[in-house]
Structures are given as C-alpha cells and as structure tokens.
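Since each chain comes alone in its own frame, lean on the hints to assemble the complex.
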Amino acid sequence: MRHLNDGTLRRIYDEPLALTSLDQAHFDSCTECKARFESIANVARATATLLTVPGFTPEPAAALRSVRIRIRADETRRPPRWYERWLDRSSPRFRPIATPAIAILLAAALMTGVTATGVAQGWFRVFAPTTVAPVQVGPSDFAGTGALLDYGEVKWLPDAPTLRQLTDATAAAAQSGLQVLMPASLPQGVSGPVSFGTISHATGSLTFDADRLRASAATKGVRVNAMPARINGSKLIVNAGPALIEAWGLSASASQVQMPTLVIAQTRVPTVDSTGVNAVELEDYLLSQPGVPPDIAAQIKAIKDPSTTLPIPIPKGLATTEPVQINGVQGLLIKAVLGAGVVWQKNGVIYAVGGQLTPDQVLAIATSLQ
Amino acid sequence: MLQSQAWQPVVGRTPLDALRQGVPDPFERLFLEEYPKVVAIAYRVLADRSAAEDVAQDVFIQFHRRVSPGDERAAGWLHAAAAHSALNVIRGERRRAQRETAHAVDPAQAPVASPERLVVEAESRREVRRALSRLPQRTAALLMLRYSGLSYAEVATALGMKAGNVGTLLRRAEEALRKEVNRATPE
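Chains as they are written, first to last, in the working numbering: chain D, 1 to 370; chain X, 1 to 187.
Source of the hints: derived by calculation from the structure; they are not laboratory data. It is possible that some hints are incorrect.
Taking lysine-lysine and the DSSO-like style, the derived pairs with C-alpha atoms no more than 30 angstroms apart in a straight line are [what the hints assert, rightly or not]: (1) D/301 with D/346; (2) D/335 with X/162; (3) D/316 with D/335; (4) X/179 with D/34; (5) D/34 with X/162; (6) D/301 with D/316; (7) D/220 with D/316.
Owing to the predicted nature of the structure, the values given are computational and were not obtained by experimental measurement.
In isolation and in its complexed conformation, chain X is listed as follows (with noise of 0.2 angstroms):
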C-alpha cells in the first residue's frame, strides 16, 4: 500500500542540531534584522510613518516572493527596493497629495510643536520632496539610502557600485540637490 500522508518534519538528532535550536526560520530573522532599516529608508524619503510601513511591508512581500533569504545580496536588495518604491510613490502625483493632506495633519509627530511650526515645517518637508522627485532615480536613490544611516559599504552593495565611488556621487547628489531645492524656492 501507498502512504499519502503529508510530509510532516521530524526532529533528528545530529550534532548540527544543537546549533539550529531556537533559531527562527531565514525569512523571520532577516525580517528582523532588516525591518527597522527598509522602514527608515522608505520614511527618509516619504516623511510619513503610516505610508512607509506600507512601503516597507510591500517590499518585504515582494522579496518573499522572487528572492531567498539566504541569498547574500538579501540585505542589499531590500534596501535598493525600499529606495526605488518609495521615490515611486513621491513621483505618483495622486498618491503624493493623498500622502501631503495625511502628513499635514498629523498632530503626532511634534506634540510639542506650535501648529504654526509644524505647517512651515510640513511645506518645507513637500518642497524637499518635490524636489527629490525631480532628480534622477539613482541619485536619489543613493541620497536616501546614505541619510538613512547606511554605511558607504552598504549604499554599494544595495545600487551595485564600488564603495570607493560612493563619496563622489554622493557629494554631486547633494550638490544637485541643493540646486534643485534652490530652483524650487528661489530667493
């Protein structure tokens, strides 16, 4: 007679098990180390919490459908997605005055704040990003990932460049910018 039933995972006693005990499964323990760095990226870009744990949690189900845990690029594409969706969602007109009408009135990001500061700090926040939107992708791209406290190393390894690079266009990235910011709200 045939045996149907399903697979069912047994415990097995080799020395490496001793090892693997308590150890979540690749994609948790990945997600849990990558999780607090994918959300800060995507919200250095966007500068709404709600919109960029949805950003993140989208490029988290994406990961999980085309690339392994284990992959050792595992860390450096979470965070070049992360980047690239959230300039997306900058660039989508619609989404972007959905986004700018939640931020403005989110009361808890400075409860201290008198409401005067926090709209001239919200206007200045949606020019930087306007402006953001403007640049080419890859440039901003390496603006956020770098002021998101990646190390040059990391930005290297997400945009698949050599580190020795990374201080060069990162400084003309923050030359354009600056140029971009001040073409925006001239003097």
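Extracted from the complex, chain D is given alone in its bound form (with noise of 0.2 angstroms):
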C-alpha cells in the first residue's frame, strides 16, 4: 500500500478519528510514516506556539447590543433605496397626490396589452396575465418628473383597496377568500409568529385627460409628446385583488423596520380593460413619453405574449432570474444577494414565495405549499 499523504497525516495530528481503517492499519504498521507524522506534528506544535494568544471570553450580549446600536444609525444615515421609494410610492396607502403613480402602474399593464378579447359592448380586455416574465428595472429609472405626470383622473369604484390585519388564518381565509396557504416545513432561519394581512378587491378606473397632463407637463417643465384625441377621454378599468399576504420574521416593535425573513403572498389575477382606444396606439404613446426608460419599453416589446404575462420589475444588477417548474406550472425563480423569491400563476390566481432565503429553499417551500 502506498504510504499516506502530508495532508492526511497532518489531519491525525488534528483529527485523529478521521482517518478510514485502512489508512489506520497501514499507519499502525509503517515506520517511515510514523517519522514523517512526528516530522509534520512538531510544525504543528511550533506554530501552535507561534500563533499563541492571551486567553479572552468575548460578551456577545454587549456585542450585540452596541452593533444594534450601529445598524440602527446605519439605516437611518442610509437614503432610501430606490424600490423603497418605489413600493411607497405604489403601495396601497395611495393618497390623491399620489394619482400620477397609479397611472404609469395602469399604463404599465396596459403597454403590455396589445391583443383584445372583447367582454363586452365596446370594451376590450387588454390584460389578464396567465404567465410571469422579468423586466430589469434600473436605479435611476422612473427616478425623473416624467414618473410624476397627470395622465388623467383616477377613481375607484367604489372604494380603493383596503390592507388588513387579521388575528389567524380562518379570518384571513374568509375576508380574501383566499386559502391561507402553509408550508409542509419551515427552513432554518424562518422563526416567529405568522402574521395575516389582506387586501380587498378593488376595481379602478383611469380616464385619460389631455388637458390635465398638458398642465402637469408645465408645472413640472417637462415636455411631453401632445395626448392622441383617440385616447384622450378614454378610459380604461383595473380589477385587482383579493390578495392574502402570511409573513413571518416581522418584529414585534413596530416601531422596528424589518425585512421579513418568509413572505407567501397569492392575488387574483388583474386585469385591464379598455373603452376602444386602440391598444397599439396607446402603448406607443405611452412608451414615447418622458420617465419610460428606452431599454424598459423594449424589455416589454419583447415579451412575447404580452396580453397574458405579468412583467415583474427586477432589480438591474441586484438579481438574476431563471425559468422554474412550480407543480407543473412555469414560474419564475428570482435570485438576489438579499434572499430569493419565485413567482407563478394557476387557475386564476398570482402566487409569489420570497424572502431571506436560498433559491433551493424558496423552491422546497413553493412546491410544498398545501
């Protein structure tokens, strides 16, 4: 038998028991590699005594405190981050100043419509995702004054959607009508209560003004391209929600920002409708006006069913994404430096998994939801 390695023979130094009982037998019995181990043991020991400090017990509690301390003043110097500004700016606390927003929302899903199935009298459904793909969302964009122009008036019929809390999950269950969904086990890291909240149905509508985005234009001193008389007075309708959002690792305090460490969220799929402005038309309108970055508009040009899939902003050179097989279903797999999240759709409702996880284990936990 060959005699055993320097790597080897250093590990018994270290590990004894990690040697395999051949290597043993041929070691119990070979003198040049007992000689050669005493040869490596006494480098080990010397540098052993090289490397020798002062006994030390650390305080981690202490530790912990004074680093909480730093995080804290850390996140507070911070500016916010751009998808912060983003999701404030689109979250469901919508305020009347907050109009401009839903409309490039609206026009988002609608730029992706461009194939129309009739639902009624004059109305066409230019929206109702059946799919996901991607869309890399930079920094800086949606950053300028075009992000903020008056496209028109928004009104909700008859009320704008509505967060709630919800003490357990037969409450969430019932106010979405939604199944609160759990998985079959919660990886390592996950801990904490669950906490419910929901989102009612809400169907909004978008009248397009010409008038109102001339005057927002001038305020802001931006020049947009002139509002197409087809398009100017017509209107198109959004029906989104319910939605049934279950997070875990949110901080008791609420005064204490957190990032969740397992968010399942599922929605009804929404959809567009449009008063017979032509879908065509009005998406190269859109596309053309200052805030759509060029390679954003493209991005959704290039979608290739874009009446049935759902653009999910990505942050540019913060993630990646892949295509994943959820139960049968394709969805998409999100990889960040944060965390991983997938996204997919069935029979009618948006699902979505994220949080401070491995994409391995965002996955475990989609396909084991029940």
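Here it is, written out as structure tokens:
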C-alpha cells in the first residue's frame, strides 16, 4: 500500500478519528509514515506556539447591543433605496397626490396588452396575465419627473383597496376568499409568529385627460408628446385583488423596520379593460413619454405574449432570474444577494414566495404549499 | 376609504406557532452563536482584544447589509470575512503601529507576568504578525481559521475548498509561516 500523504498525516494530528480504517492499519504498521508524522506534528506544535495569544472570553450580548445601535444608525443615515421609494409610492396607501403613480402602473399593465378580447360592447380586455416574465429595472429608472405626470382622473369604484391585518388564518381566509397556504416545513432561519394581511378586491378607472397632462407637464417643466384625440377621454378599468399575505420574521415592535424572513403572497389575477382605445396606439404613445426608459420599453415590447404575461420588475444588477417549474406550472425564480423569490400563476391566482432564503429553500416551500 | 396604518404584525394561531415562541430573530440567533468564533479568529490574527472586537462587529454589520441570516453559507461567510478583515488590518502599516503601541502596554493580558516577560512576548507576537502579513492572504487565512478552533469542514466551507485538501494546504501554510518567521529572525 502507498504511504499516507502529508495532508492525511497532518489531519491525524488534529482529527485522529477522521482516519479511514485502511489508512489507520497502514499507519500503525509503517515506521516511515510514523517518522513523517512526527516531523509534521513538530511543525504543527511550533506553529501553535507561534500563534498563541493570551486567553480572552468575549461577551456576545454586549457586542450585540453595540452592533444593533450601529445598524440602526446606519439605516437612519442611508437614503431610501430606489425600490423602497417605488414601493412607498405605489403601496396601497394611495393619496390623491399619488394619482400619477397609479397612472404609470395602469400604463405599465396596458403597455403589455396588445391582443384585445371582447368582454362587453365597446370594451376590450387588454390584459389578463396567465404567466410571468422579468423586466430589468435600474435604480435611476422612473426617478425622473416623467413618472410624476398626471395622465388623467383616477376613480375607485366604489372604494380604494383596503389593507387589513388579521388575528388568525381562518379570518384571513374568510376575508380574502383565498386559501391560507402553509409550507410542509420551515427552513432554518425562519422563525417568529406568522402575520396575516389581506387586501380587498378593488376596481379602479383612469380616464385619460389631455388638458391635465398638459398642465402637469407645464408645472413640472417637462415636454410631453401631445395626447392623441383617440386616447383623450378614453378609459381604462383595472380589476385587482383580493390578496392574502402571510409573513414570518416581522418584529413584534412596530417601531423596528425589519425585512420579513419569509413571505407567501397570493392574489387573483388583475385584469385591465379599455373603452375602445386602440391598445397598440396607446402602447406606442405611453412608451414614448418621458419617464419611460428606452430599455424598459424594449423589454416590454419583446415579451412574446404580452396580453397574458405579467411583467415582474427585477432590480438590475442586484438580482438574476430563471424559469422554473412549480408543480407543473412555469414560474420565475428570482435570485438576489439578500434572498430569493419565486412567482407563478395557477388557476387564476398569482402566487409569490420569497424571503431571506436560498433559491433551493424558496423552491422547496413553493412546491410544498398546501 | 383607504386605511393608511403601518403593517402591524400579529400573532397567528397556527400549530407552527408553538415551535416559534421565544425564538430570537435569525440575525440575533446567528450573532449569539457565531460572535465568539468570529472574535476568536480576529483575535488570533491581531492578538489584541479591542481591535479583534472592532473587526468582529464590523464583520457582522457588513454581513447584515449583504447576506441573509438564513443563508446556509452564513457561518462560512462570517469566518472567512473575520480572517480576511483582520489580516487586512495587520497589512495596514498605520493601524498596525497604533495597535502595537496599545498592545505593548496592555497590562490586563497577563497581570502576573513580569514587565520584562511581557515585553518579550509582545515583541515575539509582533514578529509573528509581521511574518503572517507577508504570507499569501489565503494561506494566512487558512492558518488563522484552523488555529482559531474551526474544524476541517468549517475551514473548507469558509474558504470554498474541499475538506480533503485542508490537511495538505494547512501543512504547507505551517511550513510557509515557519520559513517566514525564521527569515525575519535569523539565528
């Protein structure tokens, strides 16, 4: 049998039980290997002496307090990230001033819709997603004044969506009409109580108004392309929700902003209908406006079946995506530095699972939901 | 009307909750588990308590910004970051000079030793740290991780190598350090 190599002999010094029985038998009977081991062990002992430091027992609890203070200070100093500003602007906490933001969201949905299917006299269903696709969005995109332009009047019919927090799973299911989903098991690192939230079903309309757009552009000092006569006065109707959100790892303290470790969300697919306006014409017009970056317009135009595809904004350079199968349905896996997520659509419901997890953990949860 | 209240977490009543009660958040749990190891690695490199704690806390703050505490590679990331951050400190001439001054007059480290012995030991540690700073970063990191008490498997995870190669590379690293120390202090 061959002699044991230096690495194996070195390991015997630290972890003698890691030796295989075959190697152990050789070592016991080989004087040459024993002599080499002695030499290696001498160097190891000398190194241990060289690297000796006086004893010291750290205090993790005190250090944790200090680190918490520094993290809080760090978070306070840090300006909000672009997606935090975006989320804040487009959250359900809509204020009247947020009207243009809603218009942009409606427009983004509409821009994907070019195949109209009649749903009623004079109405076209321009968007009803059955699948998802990534759209890379950079930090400076939508940061310009174009995103704040006022394209027309937004109305909720009758009320805007309402976010409610609930005390238990049964109430959450009853309020949303959606089934509360639980993973077969929770991965390591996900803990704390689960929180439930529901967002009510809502119908909203945007009536395009050339005068309002012109006035808002003049106020902002930006130049916009004049709204074509066919678009002026036309109306988009968006149907969205209800939605059900389950979140793990949220702090019990309301003052502490914390990213949940795991979120499971589901919503009925949103739909967009239009009153007779030519969707292609509207798409071309909106994509040419200030505030819509050319590469995003190109990505939206490149979606193969846009009327049935929901674009998922992906932070450019911070996350990558790949198609995956979730129980027989195609989904989109998003891998980021901070975590991972997966989005898919099945039987008229869009599902999303994400958090401070690895892609494998996210997929395991997504496929085990019941 | 729209409700504009902030998201308020509530306690659910699912069977899983029973398992989750009393468990600290993932970052806190990871911190309490790993902080002693992370400090030990930095301390092994720097031989200075307060500098080691500074490095360890910086490592956790960087970790908080970049990595999920639930990531299965979290511990490896922390160990490697501790070794590399501390080695970067001993490579910085200005900070090294400051640390050595503080280190040489630290009476708390061996209160029963004589002043002469303290000076000799401090000088010896300085020589070793200088030798260490001249080794390739990965070689020095391997030595520090192993001599801080990490297992071969933990060292392999932290440095992204096969556990089977740790013994060979450790043996070479020890030889390299020995030669570097001998070169610096010829008999």
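**Prompt:** Hint numbers the structure violates, sorted upward?
**Reply:** none
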